[in-house]
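**Student:** Each chain, letter by letter, is given below.
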Amino acid sequence: MAEKVEEISTAKWFYQQKQMMGLETPQKAAFTCIRELLENSLDACERAKIPPEISISVREKGNSYEIAVVDNGTGVLPEYIPTAFGKMLTSSKFKNRQDRGLFGIAGKSIILLGQLYSGKPFNVVSATKGSKVIHKVKMKLNMEKDEPDILEKKKVLNRKKWNGTSIKIYISSLNFDFDKALYDLQNYLKLNQIVCPYADITFGYNDETYEYEPRTEKMPEPAQETPFHPQGLDRPTLDYLISTTRAKNMVTFLSTLNRVGEVTAKQFLKFANIPNSDPKKLKDRNHLIRKMKEFDKWIAPSTECLSLVGEENFKVGVGAMFPVQFITYASRIGVYQGVPFGVEVCISVGGKPKSLKGEKRSPVEYLYLYRFTNKIPMIAQYKSCQIWKACEDINWHYYGIDPSQIPIHIFVHICSTSKGSLFKTLDKGSIVADIPEVKKSIYLTLRDAVKKLGKYVKGRKREAYESKRKVIFELYIPLISEHVAFMTQKDKEEIQKLIGGVF
Amino acid sequence: MPRKPMKKLESVSKLSEDIRVANQLQKLIGQNVLRQLKKGEVPKLVIPKRDLTNIHFDKTRGFLTLGKEKSERYINKISQIRPFFQTTLVGQSIIQALQAHDHPSLRDVFYYCLFTIPGSTKDSFDDQPECNAIIEDIEVITGLLREELGIVADPKGKIVGDIRIRSGKNVIDCSRLGDMACAIPSLVDRLDLIDTRAEFVLVIEKGAIFERLKSTRYWEENNCLLITGKGVPDRGTRRMVRRLRDEFGLPILVLCDADPYGFYIWSVYRAGSMALAYESERLACSKVKFLGVSTSDIYKYKIPRNAIVMATKSDLKRAGELLEYEWFKSKYWQDELNLFLRKKEKVEIEAFNRRGFRFLAETYLPEKIRGVM
Chain B
1 MAEKVEEIST AKWFYQQKQM MGLETPQKAA FTCIRELLEN SLDACERAKI PPEISISVRE
61 KGNSYEIAVV DNGTGVLPEY IPTAFGKMLT SSKFKNRQDR GLFGIAGKSI ILLGQLYSGK
121 PFNVVSATKG SKVIHKVKMK LNMEKDEPDI LEKKKVLNRK KWNGTSIKIY ISSLNFDFDK
181 ALYDLQNYLK LNQIVCPYAD ITFGYNDETY EYEPRTEKMP EPAQETPFHP QGLDRPTLDY
241 LISTTRAKNM VTFLSTLNRV GEVTAKQFLK FANIPNSDPK KLKDRNHLIR KMKEFDKWIA
301 PSTECLSLVG EENFKVGVGA MFPVQFITYA SRIGVYQGVP FGVEVCISVG GKPKSLKGEK
361 RSPVEYLYLY RFTNKIPMIA QYKSCQIWKA CEDINWHYYG IDPSQIPIHI FVHICSTSKG
421 SLFKTLDKGS IVADIPEVKK SIYLTLRDAV KKLGKYVKGR KREAYESKRK VIFELYIPLI
481 SEHVAFMTQK DKEEIQKLIG GVF
Chain P
1 MPRKPMKKLE SVSKLSEDIR VANQLQKLIG QNVLRQLKKG EVPKLVIPKR DLTNIHFDKT
61 RGFLTLGKEK SERYINKISQ IRPFFQTTLV GQSIIQALQA HDHPSLRDVF YYCLFTIPGS
121 TKDSFDDQPE CNAIIEDIEV ITGLLREELG IVADPKGKIV GDIRIRSGKN VIDCSRLGDM
181 ACAIPSLVDR LDLIDTRAEF VLVIEKGAIF ERLKSTRYWE ENNCLLITGK GVPDRGTRRM
241 VRRLRDEFGL PILVLCDADP YGFYIWSVYR AGSMALAYES ERLACSKVKF LGVSTSDIYK
301 YKIPRNAIVM ATKSDLKRAG ELLEYEWFKS KYWQDELNLF LRKKEKVEIE AFNRRGFRFL
361 AETYLPEKIR GVM
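Chains B and P supply the protein sequences, listed in that same order.
Taking this note's numbering, I'd label the letters of the first sequence as residues 1 to 503.
Taking this note's numbering, I'd label the letters of the second sequence as residues 1 to 373.
Keep in mind that the hints are not guaranteed to be accurate.
In silico lysine to any residue, SDA-like type, Cα no more than 25 Å apart, as pairs [unchecked claim]: (1) B:K497 to P:R73; (2) B:K468 to P:L15; (3) P:K77 to B:I472; (4) B:K490 to P:E130.
Far from chain B, some chain P residues (derived; all Cβ distances over 10 Å) [unchecked claim]: (5) I78; (6) I95; (7) F200; (8) E247; (9) E326.
Don't read these hints as lab results, they were simulated from the structure.
Glycine included, each C-beta is placed from N, C-alpha and C at the ideal position.
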């Protein structure tokens, strides 16, 4: 007897894929919940270069938690509020731009799960910049329809000229354990301040409040949406581009891609043996993709789609969180299959060295390593990470650095647009994939920073040596002068002066 | 008729000697540094190297000496300023002792110079060997032996026989000590060897044999001086032996056990020691003759089997080392050492008692002495 094949809505499917969302355990779920909402808010602020002021509150109310997140970001236009929060799969997918959020999926799964178990609807309040009205919507996610049910809609006068978004959801305490997640959350928020030192974040958990204050007002340029690069196209993206293009022929179509002009487009078509016809009528799209990857005369992609932390902010961020005697920075931009990525390394010396028991520890084990991808602190899955491996490859001894003697903190930030290939897993406990170009870039940037650190360490050693030297001479010279004065029947001061003269 | 010394030492009285050496030290260290300072040079002390690479056997003169290599100790080098300071410190201390006619031991000097350096927790010396090394440095910088600098050690050696010696205000006749012997002091150069009737000097390795021969008045019957170093001789004993040879021209005969250790003791009197190679010139005596007991004597004088001992591993090793030394290269020594290595046997002098109590004094020694004189 054949089994019935049920159709399943997207919402239902995501519900069943809790692992993918980082929701497997109540502790993880609680952590993911806050982090996802925070990341959305940060993106919303950074996009408009607004210094983020975000408040998160988690309050236990009976059997459920009330979670409220308020930010001062760009806000959501009223017509988009339902789909932005109530529909599982909405497409920011085909935007070529560095973002924290991965399609915003996890945030929505939170909402979904929360609502599912608590049975309560969620509230969204939002106003865009300059809006005279604040929109309030009460919604319930419909798992069967994969579209939200709107329960209430209100408009209120925006007297204080606020812009931003506020979300309030209710989740059951059965599936979310905030007590256990608290430590990770605090750690995460602290690390977040390193790469976003301009953020002002308040985290309230029941009666306790944790403040994460900004250290600077300077914000980086937001990542710009850029066209895709021919070598960074996969089939779905190509399909989307072709279906939405207005170009009538291949040359015009190709010219819409990142850093492709008419001349290059024509050269490519000749190389690939593709006629200059209507792109929508192109027969073999896979052939096109293959040839685009083979063609080597493309210009490297532009990098406005990236948003690095920046030297100044990185140093400010690190300095605010740790005692720092010395700090250095290095960065690099690389390209992998048409996708640009950035590597930033910040190394600081300060605090206490790690005290590890046992003999024959490799020097790398003494390093304090902090990793960030797309400005999100990475917490899990340490040693198989390429960043860790790059640290192992560095010849610390050559630079005169002994990590077991000096406390070294290494902060590595990797950012890119295309997350699938660069970062191994989807759930953002992610680690950096084993791609040679990426590996090499990480290693070279790390080495640049270590070189500078090496110079500092040498300088310090020399200073210490010089001051020790001075002290030693000052100890013995008066005594020697005494002896010689005795032996020659001369005045001690005279002899001491003469000795001083030869130094 | 008592023999008077052929060559007399230059020194006069003990007190003026102290002052003379003190002045010399001041010149060699203090004035030396001042002169360099006045010239605008970085003061340095030049110290002949005392390690094995700079020790050679001087064939013409027949003893170990230091070569020409020197090391320089600068005042402005961070690794050298501490020993530089220690050198001037010890120099000053020795001068002060001499000016007070005080003769300290090595340990006395160490304690006298030990203090905490003002402004730090470090002491002037970490331990006595560090101080001893500085004293040796001063010996080689100045070319003055520590005995001349007035530094004494605990003397080991003894002498008995027909010789008169002035020491300070007293004259000692070593033939009129009854059953006692005279201790050889450290500062042999402060002694005045007046005259002697002895015809040779018998230098004995072991104190016990010395006592035996002294109590039977062997020295009287055979008209010789008896000396013992009680093992490896100290500097005073070696200096005395050297002076007796230099000043009276007496034959010096060494009597030891028949083993490589005994042979080595002869070589210390003869050529000097590696450790103190820099003072061989004053202490080594190239005319010292080995009397016995040699390995071949064991068989020649028919020492019974039960008095013969098996040579140990270290004996054999040492014999191998001695074979390589310059002053053991004579045919006589090469034959003797090779015989020893072949036979692997040794005896103590006391073994002669197996041939009777008086065998040593009445048979062995007279025969051997007749052979060498």
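**Student:** Please go over all the hints and tell whether each is borne out by the structure.
**Tutor:** Evaluation of the provided hints:
no., hint, verdict
1, B:K497 to P:R73, "20 Å, holds"
2, B:K468 to P:L15, "46 Å, violated"
3, P:K77 to B:I472, "10 Å, holds"
4, B:K490 to P:E130, "29 Å, violated"
5, I78, "5 Å, violated"
6, I95, "7 Å, violated"
7, F200, "46 Å, holds"
8, E247, "34 Å, holds"
9, E326, "40 Å, holds"
Hint check: violations occur at hints 2, 4, 5, 6; the rest are consistent with the structure.
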